[in-house]
Amino acid sequence: MGDEKEFVSTATQTPSSWLTDERQKLYNESHGMPSLMEQEQALNLSGDIIAKQVQNQYFWSARRDDYRN
Numbered sequence: 001m002g003d004e005k006e007f008v009s010t011a012t013q014t015p016s017s018w019l020t021d022e023r024q025k026l027y028n029e030s031h032g033m034p035s036l037m038e039q040e041q042a043l044n045l046s047g048d049i050i051a052k053q054v055q056n057q058y059f060w061s062a063r064r065d066d067y068r069n
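Counted from 1, the sequence shown has number 65 at position 65 by the working numbering; the numbering is strictly sequential.
These aren't lab readings, by the way, just hints derived from the structure by calculation. A few of these clues could be false.
Straight line, CA to CA, 25 Å or less: simulated SDA-like cross-link-like pairs of lysine to any residue [what the hints assert, rightly or not]: (1) Lys25 / Asn44; (2) Lys25 / Ile50; (3) Lys25 / Ala42.
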């Protein structure tokens, strides 16, 4: 009973030190979370999107300056 409670609290908090790669994978699969590789791909993608937005912002602000003069 004591072990069960301990396991439940550990599972809900999931400290990274407690989870090995394999356990992390199993935990993610059972909780419908993306794998580390998928998370990394999503981060790279969002980084690309942000970079594009910033480029567009600079491009359009530069265009606005052209029309002002």
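Taking only the CA atoms, is the gap from lysine 25 to alanine 42 under or equal to 25 Å? holds, 17 Å
Does isoleucine 50 lie within 25 Å of lysine 25 when you go C-alpha to C-alpha? Given pair lysine 25, isoleucine 50 is violated - Cα atoms ~29 Å apart, limit 25 Å.
Tell me if the straight-line CA distance from lysine 25 to asparagine 44 falls inside 25 Å. Holds, at roughly 20 Å.
Consistency note: the structure conflicts with earlier hint 2 alone.
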